[in-house]
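Asker: What follows is each chain in one-letter form.
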Amino acid sequence: MGIIKTDKLTFEYIRRDEEGNVEGITRAVDEVDLDIKQGDFIAVLGHNGSGKSTLAKHINAILYPTEGTVWVDGMDTQDESHLWDIRQEAGMVFQNPDNQIIGQVVEEDVGFGPENMGVPTKEIWERVEESLKAVGMYEYRKHSPNKLSGGQKQRVSIAGVIAMHPKCIILDEPTAMLDPNGRKEVIRAVRALNDVEGITVVLITHYMEEIIHADMVFVMDQGHIAMEGTPREIFSRVEELQELRLDVPQVTLLAHELRQKGVNLPEGILTIEEFTEALMAVSGR
Amino acid sequence: MIRDITLGQYYQADSVIHKLDPRVKLVATIGFIISLFVVDSWVGYVVAALFLACMIKLSKVPFGYMVKGMKAIVFILLITVVFNLFLTPGEPLVTFWKLTITKEGLRIAVMMAVRLSFLIVGSSLMTLTTTPNSLTDGMEKLMGPLKYVKVPVHEVSMMMSIALRFIPILLEETDKIMKAQIARGADFESGNLIKKAKAMVPLLVPLFISAFRRANDLAMAMEARCYRGGEHRTKMKPLRYRGADRAAYGVLLLYFVGCVAIRVWL
Chain W
0 MGIIKTDKLT FEYIRRDEEG NVEGITRAVD EVDLDIKQGD FIAVLGHNGS
50 GKSTLAKHIN AILYPTEGTV WVDGMDTQDE SHLWDIRQEA GMVFQNPDNQ
100 IIGQVVEEDV GFGPENMGVP TKEIWERVEE SLKAVGMYEY RKHSPNKLSG
150 GQKQRVSIAG VIAMHPKCII LDEPTAMLDP NGRKEVIRAV RALNDVEGIT
200 VVLITHYMEE IIHADMVFVM DQGHIAMEGT PREIFSRVEE LQELRLDVPQ
250 VTLLAHELRQ KGVNLPEGIL TIEEFTEALM AVSGR
Chain U
0 MIRDITLGQY YQADSVIHKL DPRVKLVATI GFIISLFVVD SWVGYVVAAL
50 FLACMIKLSK VPFGYMVKGM KAIVFILLIT VVFNLFLTPG EPLVTFWKLT
100 ITKEGLRIAV MMAVRLSFLI VGSSLMTLTT TPNSLTDGME KLMGPLKYVK
150 VPVHEVSMMM SIALRFIPIL LEETDKIMKA QIARGADFES GNLIKKAKAM
200 VPLLVPLFIS AFRRANDLAM AMEARCYRGG EHRTKMKPLR YRGADRAAYG
250 VLLLYFVGCV AIRVWL
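Line by line, the protein sequences are chains W and U. Count the first sequence with numbering that gives the first Met the number 0 and you get residues 0 to 284, in order. Count the second sequence with numbering that gives the first Met the number 0 and you get residues 0 to 265, in order.
Simulated from the structure, these hints should not be mistaken for laboratory data. Ideal placement from N, C-alpha and C gives every residue a C-beta, glycine not left out. Some hints could be false.
[To be verified] List of simulated lysine-lysine pairs, BS3-like, C-alpha gap at most 30 Å:
id, chain 1, residue 1, chain 2, residue 2
1, U, Lys59, U, Lys18
2, U, Lys194, W, Lys121
3, W, Lys56, U, Lys146
4, U, Lys70, U, Lys146
5, W, Lys146, U, Lys175
6, U, Lys194, W, Lys141
7, U, Lys146, W, Lys146
8, U, Lys194, U, Lys175
9, W, Lys36, W, Lys4
10, U, Lys146, W, Lys132
11, W, Lys183, U, Lys56
12, U, Lys149, W, Lys141
13, W, Lys141, W, Lys4
14, W, Lys121, U, Lys234
15, W, Lys121, U, Lys56
16, W, Lys146, U, Lys197
17, W, Lys166, U, Lys234
18, W, Lys121, U, Lys102
19, W, Lys146, U, Lys178
20, U, Lys178, U, Lys18
21, W, Lys132, W, Lys56
22, W, Lys4, W, Lys166
23, W, Lys141, U, Lys70
24, W, Lys146, U, Lys194
25, W, Lys121, W, Lys132
26, W, Lys56, U, Lys56
27, U, Lys18, U, Lys234
28, U, Lys236, W, Lys141
29, U, Lys67, U, Lys146
30, W, Lys132, U, Lys67
31, U, Lys67, U, Lys234
32, W, Lys183, U, Lys140
33, U, Lys234, U, Lys59
34, W, Lys56, U, Lys59
35, W, Lys166, U, Lys56
36, W, Lys36, W, Lys141
37, U, Lys70, W, Lys56
[Unchecked claim] Not everything, but these chain U residues come out facing chain W in the computed CB check (under 10 Å):
id, residue
38, Arg22
39, Thr130
40, Met157
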């Protein structure tokens, strides 16, 4: 069993009218089976309302499954005696950086998680220092979060999670409210965590460029897992992606269109460098 | 204009006052406020002013920055002054139309103005030099004994610290909504008071909705980071009195005794 495993995970949002009668049921997640290995970089893709955020909240035991089971490091999320262990092991970063920073000073915010866990004072300081260094925000430790850019705020949020020494970290659209530069900053920090610290990463996003480096990609649609595979496998299925209303990176799309016009390019080209190489090879230079 | 309010915001600087234990600053602020009501002579106010000026100097917070925060309360100050000026009975000084300024009225009005502005400057000095987190830490520790009579001390202090943290964010949001409404033809400037108040409705409704949404998000983020109330919690910055704190208590005591002495003997 991997670090995160779900078995037929189903979650229903129940809408009620004013008297509390059930008005309608929305199945946000529908019989999802996942098995994520320790140390992997996983990306979950999907357009709005595909159930990807709902799925993420199950891993941190913020939501409990209507049916099915979620295990984090072998612990059932519905077992209340493990609740705090699960939340410590599976850290979560949310979309809006303003709504998840609690401290008025960067270092105080990063210390919030360890404080809640009852870590001794001296060790909190060590953890704060190493987590801020891991995301490259150590110079800003005395700053007020209000004066930071979006990308910097998100890196502080990530540091706040790492300070709890999680085994995996779930990022629920961490870049959705950032500008392109902030997005790059955050993704770079997340990749470094995965490469250097070996933390399992579950990145939920709808930006295609961000999943290129993932080990495994899951594409969600209407609560189901519609596609799964390596980024290369996923991107070679351009038409299917477009049917799911997802944008394919421009260079992949270009290669795909060229192939259809008869140019002999390989499927699933992800970067501009790969594309130029393949094109040079084809044109015989 | 709305973002100029400095009341309750932390000003980053490296000073003696910044480094003091928050409990000292809390006690000092309360002591200072009480002292303002203890003294009732001009000598007393001069002493209070000197004390305050020394503290501001020591805190390295620019005086201009503090005064900017005062703008928000000019209105309250004005009302107090006007009421005291005209409605205090006593020996008439100037009379025009039906309004009389009395000698006592003038004295009380000036005194109230001085008291109020000292009070505001004094308490904003505390919030400017203390991060909300350490401020609430101090409060939690000072009010600690209340836990035994079932007062949720930790929860209250956490609520206060979060409220303080969201002041600038919500102000920014208000500014944004205001601009968005102005861009679509809303008028917040003209008309009488009632019309202005009515114009605030399309500002307040979205602000409230967004505040609730933020609160919901924040609660979730806190739970995700293992927040479960005050039990089992350790402190990143535990409070411990140092030499400077004891010295500060000494200075405070001296000042307070001085104020009482002025009241009694002058």
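Asker: Taking the hints in turn, state whether each one holds.
Answerer: Consistency of the hints with the structure:
| no. | hint | in the structure |
| --- | --- | --- |
| 1 | U:Lys59 - U:Lys18 | holds (12 Å) |
| 2 | U:Lys194 - W:Lys121 | violated (57 Å) |
| 3 | W:Lys56 - U:Lys146 | violated (34 Å) |
| 4 | U:Lys70 - U:Lys146 | violated (38 Å) |
| 5 | W:Lys146 - U:Lys175 | holds (17 Å) |
| 6 | U:Lys194 - W:Lys141 | violated (44 Å) |
| 7 | U:Lys146 - W:Lys146 | violated (36 Å) |
| 8 | U:Lys194 - U:Lys175 | holds (21 Å) |
| 9 | W:Lys36 - W:Lys4 | holds (9 Å) |
| 10 | U:Lys146 - W:Lys132 | violated (38 Å) |
| 11 | W:Lys183 - U:Lys56 | violated (44 Å) |
| 12 | U:Lys149 - W:Lys141 | violated (35 Å) |
| 13 | W:Lys141 - W:Lys4 | violated (39 Å) |
| 14 | W:Lys121 - U:Lys234 | holds (10 Å) |
| 15 | W:Lys121 - U:Lys56 | violated (33 Å) |
| 16 | W:Lys146 - U:Lys197 | violated (33 Å) |
| 17 | W:Lys166 - U:Lys234 | holds (23 Å) |
| 18 | W:Lys121 - U:Lys102 | violated (62 Å) |
| 19 | W:Lys146 - U:Lys178 | holds (21 Å) |
| 20 | U:Lys178 - U:Lys18 | violated (39 Å) |
| 21 | W:Lys132 - W:Lys56 | holds (27 Å) |
| 22 | W:Lys4 - W:Lys166 | holds (14 Å) |
| 23 | W:Lys141 - U:Lys70 | holds (28 Å) |
| 24 | W:Lys146 - U:Lys194 | violated (36 Å) |
| 25 | W:Lys121 - W:Lys132 | holds (17 Å) |
| 26 | W:Lys56 - U:Lys56 | violated (50 Å) |
| 27 | U:Lys18 - U:Lys234 | holds (17 Å) |
| 28 | U:Lys236 - W:Lys141 | holds (14 Å) |
| 29 | U:Lys67 - U:Lys146 | violated (38 Å) |
| 30 | W:Lys132 - U:Lys67 | violated (37 Å) |
| 31 | U:Lys67 - U:Lys234 | violated (34 Å) |
| 32 | W:Lys183 - U:Lys140 | violated (43 Å) |
| 33 | U:Lys234 - U:Lys59 | holds (28 Å) |
| 34 | W:Lys56 - U:Lys59 | violated (46 Å) |
| 35 | W:Lys166 - U:Lys56 | violated (49 Å) |
| 36 | W:Lys36 - W:Lys141 | violated (37 Å) |
| 37 | U:Lys70 - W:Lys56 | violated (45 Å) |
| 38 | Arg22 | violated (17 Å) |
| 39 | Thr130 | holds (5 Å) |
| 40 | Met157 | holds (9 Å) |
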